[in-house]
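Chemist: Sequence:
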Amino acid sequence: MKIVLGTDLSEEALGAAKWAFGLAGSLRAQKRPYELTLMHVTMGPKWGASVQATFEDPDNQFRLEKMIKDWLEPHVDASLDYTIIYAEGNPVKELRDWSKAHHADWLVVGMTGHGAFARMMVGSTAHRLAQRPPCKMAVIHPEHALLNKSARFLVGIDFLDSSLEALATAAEHARVLDASLHIVHVVNAIRAVALPNGLIGYSGGPTEMVELEAGARRDLAELVEANAELLQGVPHTHEVLSGHPTRALIDHAKEQDFDAICLGTVGRSVLDDFMLGSVASGVLRHMPTTILLSPPPKNSAQQR
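Its first residue numbered 765, the sequence shown is counted upward by one per residue in the numbering used here.
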């Protein structure tokens, strides 16, 4: 498994480092292969010479590597093998391009940050990467950075290819950590709509909601049963919630104190995402816990 850790040496990036090293440690304990790469991206100066020459100077490279290790190693298992690489430029482009070129399995970043990774939570690096992630992506909440064997993952399912990929990712991750899954589907609740005559109507009624929820419970149970082999050995439960999907997932994650939310992302552009709405983007902006994002599988209709 190839893991890329993006860092700017901030406190928030340290949470991402703990998560990435924790995953690598779990893989090593199971004698599974891993490659862990720490990528430090520096924004180039607006004026003047490039900082690339600084990276290429052996003395400067030694000092920078020591600074990174001093920041990192008191907080992680330093016996794990890892590689440090440096890049100059736009963090989104550099992380995406490197992850694609090296066929990374996971790209791990912090929820917020300073410097090159500033304002991840509200639409900068993390949010832009999440629009079309180059691989599976983990955005780490600092209070949910440590992986343990009692971890509980909330998996959001909308029956599209990307959410089924999220289920596969969650199951794989839970198996590595001996964690458990709670699989949910959210049925949109009755909501008010404006009528042409100026009055307020409602999109459906109580009877319709009962029917929708019953159908959703049936579909979700069938999906879980159809994926029995995938979920074999992984403790799991499933439930249908009602409400706005983004709000329902956020509230449920907070109330039940889940360690991560696993979601699929359809990989739309920023404009498309704003126009059509995206549960993954909404949850990412509010960030109640660590978020694990899975792009749709290759050749899926969602990527066309």
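Derived from the structure by calculation, the hints contain no laboratory data. Keep in mind that the hints are not guaranteed to be accurate.
[Stated by the list, open to error] Calculated lysine-lysine pairs in the DSSO-like style (CA-CA distance at most 30 Å, straight line):
#: 1; residue 1: Lys1018; residue 2: Lys795
#: 2; residue 1: Lys833; residue 2: Lys864
#: 3; residue 1: Lys795; residue 2: Lys864
#: 4; residue 1: Lys857; residue 2: Lys833
#: 5; residue 1: Lys766; residue 2: Lys864
#: 6; residue 1: Lys833; residue 2: Lys782
#: 7; residue 1: Lys1018; residue 2: Lys864
#: 8; residue 1: Lys782; residue 2: Lys795
#: 9; residue 1: Lys830; residue 2: Lys857
#: 10; residue 1: Lys913; residue 2: Lys857
#: 11; residue 1: Lys833; residue 2: Lys1018
#: 12; residue 1: Lys833; residue 2: Lys795
#: 13; residue 1: Lys1018; residue 2: Lys913
#: 14; residue 1: Lys766; residue 2: Lys833
#: 15; residue 1: Lys857; residue 2: Lys766
#: 16; residue 1: Lys913; residue 2: Lys833
#: 17; residue 1: Lys830; residue 2: Lys1018
#: 18; residue 1: Lys766; residue 2: Lys782
#: 19; residue 1: Lys766; residue 2: Lys830
#: 20; residue 1: Lys795; residue 2: Lys766
#: 21; residue 1: Lys795; residue 2: Lys830
#: 22; residue 1: Lys830; residue 2: Lys864
#: 23; residue 1: Lys864; residue 2: Lys782
#: 24; residue 1: Lys782; residue 2: Lys830
Chemist: If a hint holds in the structure, say so; if it does not, say that too.
Modeler: Hint check results:
1. Lys1018 <-> Lys795: violated, 34 Å
2. Lys833 <-> Lys864: At roughly 26 Å apart (the allowed maximum being 30 Å), Lys864 and Lys833 satisfy the hint.
3. Lys795 <-> Lys864: holds, 25 Å
4. Lys857 <-> Lys833: Holds: Lys857 and Lys833 sit about 25 Å apart, inside 30 Å.
5. Lys766 <-> Lys864: Holds, because 11 Å separates the two Cα atoms, which is no more than 30 Å.
6. Lys833 <-> Lys782: holds, 13 Å
7. Lys1018 <-> Lys864: Given that 30 Å is the threshold and the Cα spacing comes to 33 Å, the pair is violated.
8. Lys782 <-> Lys795: holds, 20 Å
9. Lys830 <-> Lys857: holds, 26 Å
10. Lys913 <-> Lys857: The given pair, whose Cα atoms are some 34 Å apart, is violated under the 30 Å limit.
11. Lys833 <-> Lys1018: Violated - the C-alpha atoms of Lys1018 and Lys833 are around 34 Å apart, more than 30 Å.
12. Lys833 <-> Lys795: holds, 25 Å
13. Lys1018 <-> Lys913: Roughly 20 Å between the alpha carbons, so the hint for Lys1018 and Lys913 holds.
14. Lys766 <-> Lys833: Holds, at roughly 20 Å.
15. Lys857 <-> Lys766: Distance of about 19 Å is within 30 Å: holds.
16. Lys913 <-> Lys833: Roughly 27 Å separates the two Cα atoms, so the pair holds.
17. Lys830 <-> Lys1018: violated, 38 Å
18. Lys766 <-> Lys782: It holds: about 16 Å lies between the C-alpha atoms, which stays within 30 Å.
19. Lys766 <-> Lys830: Between Lys766 and Lys830 the Cα gap is close to 24 Å, so the pair holds against 30 Å.
20. Lys795 <-> Lys766: Answer holds: Lys795 to Lys766 is near 14 Å, not above 30 Å.
21. Lys795 <-> Lys830: holds, 29 Å
22. Lys830 <-> Lys864: Satisfied, since the Cα-Cα distance of roughly 28 Å is no more than 30 Å.
23. Lys864 <-> Lys782: Holds, because 23 Å separates the two Cα atoms, which is no more than 30 Å.
24. Lys782 <-> Lys830: holds, 18 Å
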